[in-house]
Amino acid sequence: MKILVPVKRVVDYNVKVRAKSDESGPDLSNAKMAINPFCEIAIEEAVRIKEAGNADEVIAVSVGDSSSQEQLRTCLALGADRAILVETEESVEPLGVAKALKEVVSKESPDLIILGKQAIDGDANQTGQMLAAMLDLPQGTFASEVEIQDGIVQVTREIDGGLQTLSLTMPAIITTDLRLNEPRYASLPNIMKAKKKPLETLSSSDLGLDLSPRQNTLKVAPPPERAAGIMVEDIEQLVDKLKNEAKVIT
Amino acid sequence: MSILVIAEHDNNELKVATLNTVAAAKEIGGDIDILVAGMDCETVADSASQIPGVGNVLLANKETYKNSLAENIGNLIVELSEGYSHIMAPATTNGKNFMPRVAAKLDISQISDISAVISNDTFERPIYAGNCIATVQSTDTIKAITVRTTGFDACESSGGSASINSIDNDTNAGVSSFVKEEIAESDRPELTAAEVVISGGRGMQNGDNFSLLNGIADKLGAAIGASRAAVDSGFVPNDMQVGQTGKIVAPDLYIAVGISGAIQHLAGMKDSKVIVAINKDEEAPIFSVADYGLVADLFEALPELEAKL
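Chains L and S, in that order, are what the protein sequence lines are. Using my numbering, you'd call the opening residue of the first sequence number 33 and step up by one each time. Using my numbering, you'd call the opening residue of the second sequence number 3 and step up by one each time.
Hints listed in this document are in silico derivations from the structure and should not be mistaken for laboratory results. Fair warning: there could be bad hints in the mix.
Listed next, with one range per pair, are the computed distances between beta-carbon atoms [to be verified]: (1) L:214 with S:192: 24 to 30 Å; (2) L:46 with S:306: 32 to 38 Å; (3) L:62 with S:176: 48 to 54 Å; (4) L:249 with S:207: 38 to 44 Å; (5) L:46 with S:216: 48 to 54 Å; (6) S:216 with L:275: 42 to 48 Å.
Selected chain S positions facing chain L (Cβ under 8 Å, derived; list incomplete) [said to hold, decoys possible]: (7) 99; (8) 102; (9) 180; (10) 204.
Here are the simulated DSS-like cross-link-like pairs (lysine-lysine), alpha carbons at most 27 Å apart as the crow flies [as the list claims (entries may be wrong)]: (11) S:275 with L:275; (12) S:272 with L:52; (13) L:273 with S:272; (14) L:82 with L:228; (15) S:221 with L:275; (16) S:272 with L:275; (17) L:279 with L:64; (18) L:82 with L:225; (19) S:221 with L:273; (20) S:275 with L:48; (21) L:64 with S:272; (22) L:279 with S:275.
Using N, Cα and C, we set each Cβ at its ideal position, and we do this for glycine too.
Let the sequences and hints guide you as you build the complete structure.
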């Protein structure tokens, strides 16, 4: 069995991103970049399935500019066997990413595709579901547990108010939620080994894809500021303020 | 303009998120239809028909739609999409699940999680955990949209008289099936609909200590939430998570207890009307968004707060 794991290079989750002063976009100059946290969970899950003897190969794939090779190397160090970069200089919307991934899927024919539920830059939460629809595959989004048995994958999903379990016919698509697993750290020997693993580069134009955006970003502004608050001395004063000033309790 | 809103429901009850979504649709303007897809969900269709401003309720009442499987619902919406300029659903786990399938099938670029309507093709949406607000204009002929429910006050739920039209489409994709569901039973309001939310963070130290929040929640009629740190530490289940990757809440009163205020958490609650932070670290970033801050040991402050309410 083959598992494909699409990953995204994003600003590190500890970086507080601000809008540029001319409101033309987010200010990402010199920002530390990293693999999207949910994608890291996806790689970890795929590697665990392989380690449990349920898969033979884990392939990491990314759609982005050449710097995404860095994140693909991270995936290789975490246990992926090989990597594919669909190289494109323009920024691609989830719809375009899903179209590029569809081409990779038709070349590789994976049995399982595991993605992060959302990337922490655009917060769109679309790519996995879009890819599933384009391929007419079933999806188990926001997964907190994955179990594989004879051509079926059982996925427990984090939904509003609780958990839902679905049974999907493979090939299938899974998107990861926070609690699916805790990703490992790459060891130094594995980081060294990763440098020798194959990383193939395809260009989006070779694939004959039109990935041009359908949305124009007119501006990117900071969110409205909250007025400065006050510090209270004790619970008594707090309760008094909530009752008589904010009037939110009675 | 002709807008199709997908109702959020559990086959028994129409959820408030639907009213927030209709409110967003009304800001776009035009005819509004509501799709109720489920099984034995006539009462839901009935409630939807009472929403003022709704023209038609489309009722797809079939086993195929009982558990809102994304494959089946997605295909149904695609079949119904002709003639609509906008297809909208609340950005609940359900809406997030099926809407991108609809967009992909129609070859359109979805606009996720809109927090404001600027015009019929231009919307605001938070990016980077709400640290930036992007204004985006869609060039697609049909707009596929999910709505951040806290961005729009719920519209009226009664007074309307839409017609209910049963539709017979059966779009069973046959590739997925429902196994089971475990929905937490609680007498407390739902997190995203509560007027008061009290949340605990890593400072709670363990899951048992979350019971310190119960008495206060009971007195205030509050829902109980948690930070990602508390969920990551295994104190409480993930469906209590408030934040960028959890639930987005905007209650009248939000009380953050033992929560440092990481970017990811602030993204989920900073639109609350009044924010109270209780933390023993006076440098905690949560105080920068709090209307009322109290530097205190929560194990002393919480029992005292419960007693004073």
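Exercise for review: Hint by hint, work out which the structure violates, then give me just those numbers in ascending order.
Suggested key: 5, 6, 10, 17
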